[in-house]
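Q: Put the two chains together into one complex; each comes in its own frame, and the hints tell you how they fit.
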Amino acid sequence: MINKKSKLALIRKKLHLRKKREKSLMEEYQKKLIDSLSELRIPLLLLHFSLSFGTLGYMILSGGNFIDALYMTVITIGTIGFGEIAKGTDTPEGRIFTTFLAIMGIGIFTTSITVVIRVFFVGNAINLLKYIKMLAEIEKLKDHVIICGYSKTSAWFVEALRKRRIDFVVIDSREEALKYIQLHNIKYFIPEEPFKKKALLSAGIKRAKYLIANMEDEAQNIAVIVTARLLQPDRDALFIYSTAPTDGTAQKLEELGANKVIVPDKLIANRIFSYMLHETRGYISDLFDKIAYGEEVDLEIVELSVSEKSPLVGKKLKDIDLRKVYNVTVIGIRKFDGALNLTVTGDTEIEGGDTLLLLGKPSNIRKALEFYKEVL
Amino acid sequence: MRLKKILTDFFLLMALTTNISFIFNPNPYELVIAVIANLTATILKLGEGKILATEMMAASLVADLHLIPAAFVYFLGDVSEAVSLAIGALAANIISILLSIIEAIFGYLMEE
Numbered sequence: 086m087i088n089k090k091s092k093l094a095l096i097r098k099k100l101h102l103r104k105k106r107e108k109s110l111m112e113e114y115q116k117k118l119i120d121s122l123s124e125l126r127i128p129l130l131l132l133h134f135s136l137s138f139g140t141l142g143y144m145i146l147s148g149g150n151f152i153d154a155l156y157m158t159v160i161t162i163g164t165i166g167f168g169e170i171a172k173g174t175d176t177p178e179g180r181i182f183t184t185f186l187a188i189m190g191i192g193i194f195t196t197s198i199t200v201v202i203r204v205f206f207v208g209n210a211i212n213l214l215k216y217i218k219m220l221a222e223i224e225k226l227k228d229h230v231i232i233c234g235y236s237k238t239s240a241w242f243v244e245a246l247r248k249r250r251i252d253f254v255v256i257d258s259r260e261e262a263l264k265y266i267q268l269h270n271i272k273y274f275i276p277e278e279p280f281k282k283k284a285l286l287s288a289g290i291k292r293a294k295y296l297i298a299n300m301e302d303e304a305q306n307i308a309v310i311v312t313a314r315l316l317q318p319d320r321d322a323l324f325i326y327s328t329a330p331t332d333g334t335a336q337k338l339e340e341l342g343a344n345k346v347i348v349p350d351k352l353i354a355n356r357i358f359s360y361m362l363h364e365t366r367g368y369i370s371d372l373f374d375k376i377a378y379g380e381e382v383d384l385e386i387v388e389l390s391v392s393e394k395s396p397l398v399g400k401k402l403k404d405i406d407l408r409k410v411y412n413v414t415v416i417g418i419r420k421f422d423g424a425l426n427l428t429v430t431g432d433t434e435i436e437g438g439d440t441l442l443l444l445g446k447p448s449n450i451r452k453a454l455e456f457y458k459e460v461l
Numbered sequence: 030m031r032l033k034k035i036l037t038d039f040f041l042l043m044a045l046t047t048n049i050s051f052i053f054n055p056n057p058y059e060l061v062i063a064v065i066a067n068l069t070a071t072i073l074k075l076g077e078g079k080i081l082a083t084e085m086m087a088a089s090l091v092a093d094l095h096l097i098p099a100a101f102v103y104f105l106g107d108v109s110e111a112v113s114l115a116i117g118a119l120a121a122n123i124i125s126i127l128l129s130i131i132e133a134i135f136g137y138l139m140e141e
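Chain order of the listed sequences is Y and S. With positions in the first sequence counted from 1, the corresponding number in the numbering used here is that position plus 85. With positions in the second sequence counted from 1, the corresponding number in the numbering used here is that position plus 29.
Here chain S stands alone, though its shape is the one from the complex (with noise of 0.2 Å):
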């Protein structure tokens, strides 16, 4: 299960960091990568019912359906609206980092 941890902490920490690069200069490749990394992330939490990788997948999946709104708002001529719903998939993407977090210090304090 560690690999899989590594990688969903991967594209979740690779969705938040282009969305922020996205935010201070909107960048048509930045932003279609955020959207595939948050989609993969989301995709990775499929199928876990534990509490807090559910909460994940709630943010996660908040994060998307602000996200591809914003890949199409963008590439149809609204720079503007596309950058304030990347900001909306922000918080949406710290609340997954923070949550990925918690679920990890509770992990080791279960396996130390």
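Chain Y extracted, bound-state conformation (with noise of 0.2 Å):
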């Protein structure tokens, strides 16, 4: 007995030398689309099981006419009863047998297709084959931007992507949130909490290049900030975005892996003093926040960095033909010691270390950045 005892735990221990892997969401969502798919079950074996008793019945009855059986059976329970179509039925036995499988089958019949309809369209059954098709969607994205919580920050944020044309992912579980969701028409959300690995792993965080951790408090914030850097630990490959209520809360967000936080009062009230600084109409301040926060869909404001190695290095700027080649203007370089030049002509000569504040379309930027990509 123990020598057997003993032979079954040695199999066991065999078969259980995998690790069992978590699940994905994906694989999560299957599994509860086919654990739905149960209460199917008692509905279709009771109907199955009258269609049956009606086929093999009126087969009886008719010598074997398997068509005309099953034709019979479908009407009688169907309540469609166009009449006695199989053989033998018009016999009294066979009306004896309608008799009884019309009150058997139609009630089976008619709870049957209830229960059917209720779980595909009163029940879960079309909501996770939607998410389904959205996950696989999701997969496919890369460069994308992933938001976890949709607040009213995330909303204008969503409609600058939206102009932008920047493929997108919302994740938020909060019943709030999901309605804001389905009215903002957001193509693709994730209904589950934005700090749990599953859901930053289907939203595609390994190919994603932005993510912006705009949760209701500051822990969450932290905890979504924390699992993000566990699976994407390159500060350059994803660039985590955050809001904090103070500059020593964004700090301690930066420290723990965010690339940059904001203060979201502090960025108001410096708003609001350029607004003051540059008269009522303010025009200047928003020409250049919309440049800068890329509200301006036509125009945009980048920067090129200049390595000491680079061929530019040397160079003057009319020399480099960005504007006739590109057209994309320099208005200005930074420096290596952060000091700004903003009085540049084609005879300023670009150093190593320099950033060239390059402003034109956004077509135009894209062009000449991909062509000095190369170069530099």
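Everything labelled a hint here was simulated from the structure, so no lab data went into it. A few of these clues could be false.
[What the hints assert, rightly or not] Once the Cα atoms are required to be at most 25 Å apart in a straight line, the calculated PhoX-like pairs of lysine-lysine come out as:
hint, chain 1, residue 1, chain 2, residue 2
1, Y, Lys283, Y, Lys108
2, Y, Lys281, Y, Lys218
3, Y, Lys294, Y, Lys446
4, Y, Lys108, S, Lys79
5, S, Lys79, Y, Lys218
6, S, Lys79, Y, Lys116
7, Y, Lys248, Y, Lys108
8, Y, Lys227, Y, Lys283
9, Y, Lys282, S, Lys79
10, S, Lys33, Y, Lys218
[To be verified] Output of the computed footprint for chain Y on chain S, the stretches with three or more beta carbons under 8 Å from beta carbons of chain Y:
hint, region
11, 70-79
12, 98-112
Every residue gets a Cβ at the ideal spot worked out from N, C-alpha and C, and that includes glycine.
A: Next up, the structure:
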């Protein structure tokens, strides 16, 4: 007996050598969908038994005619009742059988149809199917943005992303947020808590370029940032942006893994101050804001860093022909020590460590950057 | 869950045995019973997310999709075609039974 038990234990040990893998969100939804189908089991069984009972009964009555027997059963329990079509059904025995079949089958038929409709249309099956399809589409995204937490700020952010046709995935599990996500017609969203590993993995964190941690409170933002950094430790591969109530918290979040943390109150104060500085109409503030924050879709300002070994070093601005070839203007140069030169001319010489500030149409800027990325 | 296992295995075996007897001696009632037993086994497997259960469900569905057309073909007069479809279903039935045996062995190892 002991020998048998130890043998079993050995087999069990051998069979459990593989470590249990955590299920992905897609697998979890597929499992839930399959589980939801188990509700169909009893009504379908009852429907199947009544159909089988009727078919076999009519087959016996009609001398083995399967097609007529099945047809007769369906029109009887489906309350169609075209008449006594199968052979032998117009006899007293046939009529007794039809009576019993109708009493039993009609109830089963209507109940089964109700349950099937409820599982698919009232229950979760359709939603689960939608989520599975959505997750499959998210798997194809690359260099996209992941937005954790859908608030008013996120809604404005989504608007800006849509203008630039940048793909994004929203993660939020709150009922209220999900209501707005559907109202705002968000294409890709994951109804899970954003600090869950599998939610971030399903949102494609390994392929994403940006992550916005915009949760309701600080602790949740910390959880999102830490989890995201655990999954993607490279700060240059995934840029994490977040918000914090104070400078101190912002610093902590940056230490934890965020690339940049914005303090909303401070930002608002600075913007109001800039309006005050630039007279009452605030045209300059508006223009610079729009360009800098990407609200002006026809104009963009970007930075181009020049390394010490770059072939551009020592060249004059007029020699590199940025304006002529790409319709892009160098509006200023930030020097290595941080000093900003805004009085650049064609004769201004480029030095190693300079950062050129380029202004132009987004498409032209992209072309220029692509060219210089290869050269620099 | 034991009762469900008994029922599923019963219907799987029933489908297999009636299918074999239909192949050797084509008879309308046996074919219909094979279809009924096979469909019942499929419905009993509905909604089970375990790996072996899904494999069994797939195998049962294959058998269904052979046996149902076989029934129509048989009653439309082409007996040899119905028999060949039933042979196809037999392969799926055998796989179902093998999977059921594997599932039983795993269940035994887990419980003992």
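Q: Hint by hint, where does the structure go against what was stated? Just the numbers, ascending.
A: Violated hints (numbers, rising): 7 and 10; every other hint is consistent with the structure.
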